[in-house]
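**Q** Please construct the entire structure, taking both the sequences and the accompanying hints into account.
These protein sequence lines are chains A and B, in that order. Heads up, the first sequence is in numbering that gives the first Met the number 0, so the first residue is 0 and it goes up one at a time. Heads up, the second sequence is in numbering that gives the first Met the number 0, so the first residue is 0 and it goes up one at a time.
Where hints are given, some of them may not hold.
To be verified - Pairwise CB distance ranges, derived in the manner of DEER restraints:
#1 B/Leu-96 / A/Pro-162: 48 to 54 Å
#2 B/Glu-448 / A/Ser-161: 22 to 28 Å
#3 A/Asp-167 / B/Ala-353: 55 to 61 Å
#4 A/Ser-161 / B/Arg-497: 34 to 40 Å
As the list claims (entries may be wrong) - Partial chain B-side listing against chain A, Cβ under 8 Å, derived:
#5 Gln-106
#6 Ala-108
#7 Ala-440
#8 Gly-488
#9 Arg-490
#10 Gly-507
What the hints assert, rightly or not - Over 10 Å on every C-beta distance to chain A, these chain B residues come out as not near it, computed from the model:
#11 Ala-43
#12 Leu-233
#13 Arg-241
#14 Val-277
#15 Leu-294
#16 Glu-345
Because the hints were derived from the structure by calculation, they are not lab data. In this text, all values refer to a predicted model and were calculated from it rather than measured experimentally. Glycine included, each C-beta is placed from N, C-alpha and C at the ideal position.
Spelled out, the chains give:
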Amino acid sequence: MSDALAELLRHPGLWRGGDAGAPETIPTGFRALDAELPGGGWPLATLIELLVPAAGIGEVRLLLPALRRLTAAAEPPRWVAWLAPPHMPYAPALADAGLDPARMLVIRPRAGVDRLWAMEQALRSGACAAVLGWAGPAHDSALRRVKLAAEEGATPAFLLRSPAHRGDPSPAALRLALSARDYGLDVEILKSRGGGPARIERLPIH
Amino acid sequence: MFQERPASIAPATPGRRHALGAVPPPRAQPAPGVGELWLAAHFARLPLDAVLPGTGQARAAVVTAPEDPRRTVVACNERATRQGIAPGMGLNAALALVPGLHVLERQPAAEAALLDRLGRWALQFTPVVSLEPPGAVLAEVRGSLDLFGGAMALVRRALAGLSASGLSASLALAPTPRAALWLARARLAMTVTRIDMLPGVAARLPLACLQWPEDTVATLDALGIASIADLLRLPRAGFATRFGPRLLEELDEGLGRRPAPRRRHVVPERFDERLELVAAAEAVAVLQPSLERLLARLEAFLRARASGIRALRVDLLHRGDPPTRLSLALARMAGDAGALRELLDERLGRCRLAEPVVGLRLRSGVLSPLQLRDAGLFERGRSADPEATARLLDLLRARLGHDAVFGVLPVPEHRPERAFRIAEPGSLADLPVPWPAMRPARPLWMLAEPQPLDGWTGALVTGPERIETGWWDGHDVRRDYYVALSRAGVRLWIFRERPPGQGWFLHGVFG
Chain A
0 MSDALAELLR HPGLWRGGDA GAPETIPTGF RALDAELPGG GWPLATLIEL
50 LVPAAGIGEV RLLLPALRRL TAAAEPPRWV AWLAPPHMPY APALADAGLD
100 PARMLVIRPR AGVDRLWAME QALRSGACAA VLGWAGPAHD SALRRVKLAA
150 EEGATPAFLL RSPAHRGDPS PAALRLALSA RDYGLDVEIL KSRGGGPARI
200 ERLPIH
Chain B
0 MFQERPASIA PATPGRRHAL GAVPPPRAQP APGVGELWLA AHFARLPLDA
50 VLPGTGQARA AVVTAPEDPR RTVVACNERA TRQGIAPGMG LNAALALVPG
100 LHVLERQPAA EAALLDRLGR WALQFTPVVS LEPPGAVLAE VRGSLDLFGG
150 AMALVRRALA GLSASGLSAS LALAPTPRAA LWLARARLAM TVTRIDMLPG
200 VAARLPLACL QWPEDTVATL DALGIASIAD LLRLPRAGFA TRFGPRLLEE
250 LDEGLGRRPA PRRRHVVPER FDERLELVAA AEAVAVLQPS LERLLARLEA
300 FLRARASGIR ALRVDLLHRG DPPTRLSLAL ARMAGDAGAL RELLDERLGR
350 CRLAEPVVGL RLRSGVLSPL QLRDAGLFER GRSADPEATA RLLDLLRARL
400 GHDAVFGVLP VPEHRPERAF RIAEPGSLAD LPVPWPAMRP ARPLWMLAEP
450 QPLDGWTGAL VTGPERIETG WWDGHDVRRD YYVALSRAGV RLWIFRERPP
500 GQGWFLHGVF G
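**A** Listed below in structure tokens is the structure:
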């Protein structure tokens with residue numbers, strides 16, 4: 000940003016719209032969650048971290064409405080990249096969920112160190128509508144690179160990790176901790192750009 | 000706030016610039032706003048336009064506010080209007096008129112974003128643009144009238160741009176921003192150029208165009224006051240006591256009796272960066288890589304803002320002398336550096352350097368959005384052209400191995416473990432998949448092999464779904480599937496062989 004512009008942006012009476020203040024978002028499909036998220040939905044083009052205690056509590060179902068939106072309007076079509084998922088994504092279920100199975104890209108690196116690298120490439124390519132990645136321990140700098148790639152490729156990056164990493168530093172623009180409760184999902188907002196911590200209980204995930 | 004160092008904005012040939020003529024008069028001058036002419040654009044349908052793309056307007060559609068218990072119609076499209084729907088109507092009444100009505104929820108964030116974009120779009124007419132949320136843009140255009148060939152030509156041009164984007168607006172011109180706003184809200188496409196005409200014009204306006212708080216309007220109504228003319232007859236002191244000084248000030252501002260400071264200006268954004276050269280360049284050809292770096296940054300800057308420019312200036316900086324200046328003006332808005340690069344190459348080729356060049360400076364004209372309506376979030380990023388996909392696949396496979404990257408496709412087959420296959424990414428599905436329409440849900444994750452669940456104690460949620468098939472090829476399956484919940488809250492897809500006996504197997508996880 001140029002000095003002159005930075006100077007202007009410091010002006011106290013200045014109202015900043017769009018790019019500087021509120022990041023672009025898309026609704027999550029869950030109204031109770033949208034209400035707590037700055038901008039009313041998932042921020043696009045950045046890193047979103049989800050802490051998930053066990054695969055299968057509803058962490059992907061939480062993302063399905065957004066994935067549907069992101070892919071439905073993409074013309075030409077773009078990919079949903081599944082990076083190192085815990086199991087094989089099941090095509091009939093994806094089709095049931097309204098996603099085009101032909102636009103799914105599964106990437107299963109053998110080595111853990113390749114995961115974030117591959118995530119970065121998928122994000123930076125601009126060829127993906129969204130990238131979902133599963134990763135373990137990661138250096139702050141590697142996560143920063145993922146975030147930067149998300150910004151460069153204008154692609155949302157959903158990173159799913161264990162709650163063991165809750166205390167680690169994270170550059171994610173949005174950080175959520177998920178937990179299963181009573182057939183629903185409790186969502187704790189640990190960090191959000193432009194919002195405070197919040198907790199949404201028993202989100203109806205089907 | 001538009002003061003900039005003159006040296007940095009002076010065009011190559013300093014001359015009369017319109018914007019400078021529009022600088023507000025000095026404070027000492029008693030008559031406020033003399034000489035100003037404000038264009039107000041009121042977007043009554045903004046709540047709808049912000050959430051519904053142009054192609055969605057084929058059906059009657061309305062927007063309601065979710066927090067409003069009556070679900071009053073906030074805005075509706077033309078088709079809805081033709082079928083008798085109007086803003087202010089309850090949703091039930093609207094649905095009674097048009098049963099197939101498309102009902103959308105108001106999205107304040109989307110409205111604010113669209114208004115901001117409209118403000119930036121208005122920067123093409125003048126650098127002095129101000130937003131009036133929730134649905135209006137104000138622009139001081141006196142200094143731009145000559146440039147556009149008069150007030151009517153400017154209005155026509157603005158309307159054409161808006162309607163090309165499928166946006167409807169009511170436009171009006173007046174010497175004070177507030178009066179222009181009143182006229183636009185009243186849908187009076189009027190131009191009032193003289194400040195002394197304002198009281199007479201305003202007197203004919205309905206009270207509603209003031210958009211005062213409901214209770215104030217109700218009180219005024221009870222007093223028998225229905226128009227601004229009635230209002231203007233009230234004694235000033237009494238009015239101020241009863242309704243507070245703010246509304247009186249508003250009236251005075253509108254009529255030009257007191258200055259109306261406009262805040263919330265939309266700041267014209269420009270790209271302006273410089274690059275020092277490692278070694279002084281004696282020849283133009285040596286500048287190429289550095290210029291390319293600046294152009295790449297300009298391109299990223301424009302892409303991040305989904306904006307384009309029509310003017311660009313390149314300064315070749317010398318140690319002592321004033322810079323050599325190359326100015327480009329483009330016929331069409333440029334959102335990438337392609338067109339600029341060609342023009343610059345050509346210009347540079349003809350350029351004679353009198354002095355060595357020690358640095359470069361690239362400064363753009365005012366940014367303007369490439370698209371007024373957000374036709375899709377997806378046009379913002381680079382689209383998945385086959386090339387980007389091919390590059391990505393090559394890159395991933397080169398490091399991870401060919402088989403580490405693949406697609407998954409459904410296969411028309413009732414046995415769950417055979418209902419999908421690994422495929423080259425992007426391959427088409429075999430056939431329209433003949434699933435029964437109401438087939439129970441399938442899990443997002445499938446295990447490679449069913450796993451025995453010893454001593455299973457979780458809760459069954461739904462089921463059984465009986466799958467009995469495959470007897471013709473020897474791989475027959477006779478199972479009862481259930482959706483179950485583990486103690487950890489994981490939603491599982493488990494089955495029991497029929498006849499029961501061997502216990503439970505885990506086959507999938509719902510994700």
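**Q** Determine for every hint whether it applies to the structure shown.
**A** Structure-based check of each hint:
1. B/Leu-96 / A/Pro-162: 48 to 54 Å: Hint holds: Cβ distance 52 Å, inside 48 to 54 Å.
2. B/Glu-448 / A/Ser-161: 22 to 28 Å: With a Cβ separation near 25 Å, B/Glu-448 and A/Ser-161 satisfy 22 to 28 Å, so the hint holds.
3. A/Asp-167 / B/Ala-353: 55 to 61 Å: holds (58 Å)
4. A/Ser-161 / B/Arg-497: 34 to 40 Å: holds (37 Å)
5. Gln-106: Holds, because the Cβ-Cβ distance from B/Gln-106 to chain A comes to roughly 7 Å (cut-off 8 Å).
6. Ala-108: Interface hint status for B/Ala-108: holds (5 Å vs cutoff 8 Å).
7. Ala-440: holds (7 Å)
8. Gly-488: With a minimum Cβ separation of about 2 Å from chain A (threshold 8 Å), the hint on B/Gly-488 holds.
9. Arg-490: holds (6 Å)
10. Gly-507: holds (6 Å)
11. Ala-43: The claim stands: B/Ala-43 keeps its Cβ more than 10 Å from every Cβ of chain A (closest is about 20 Å).
12. Leu-233: The claim stands: B/Leu-233 keeps its Cβ more than 10 Å from every Cβ of chain A (closest is about 33 Å).
13. Arg-241: holds (31 Å)
14. Val-277: B/Val-277 is indeed farther than 10 Å from all Cβ atoms of chain A, at 22 Å.
15. Leu-294: holds (15 Å)
16. Glu-345: holds (26 Å)
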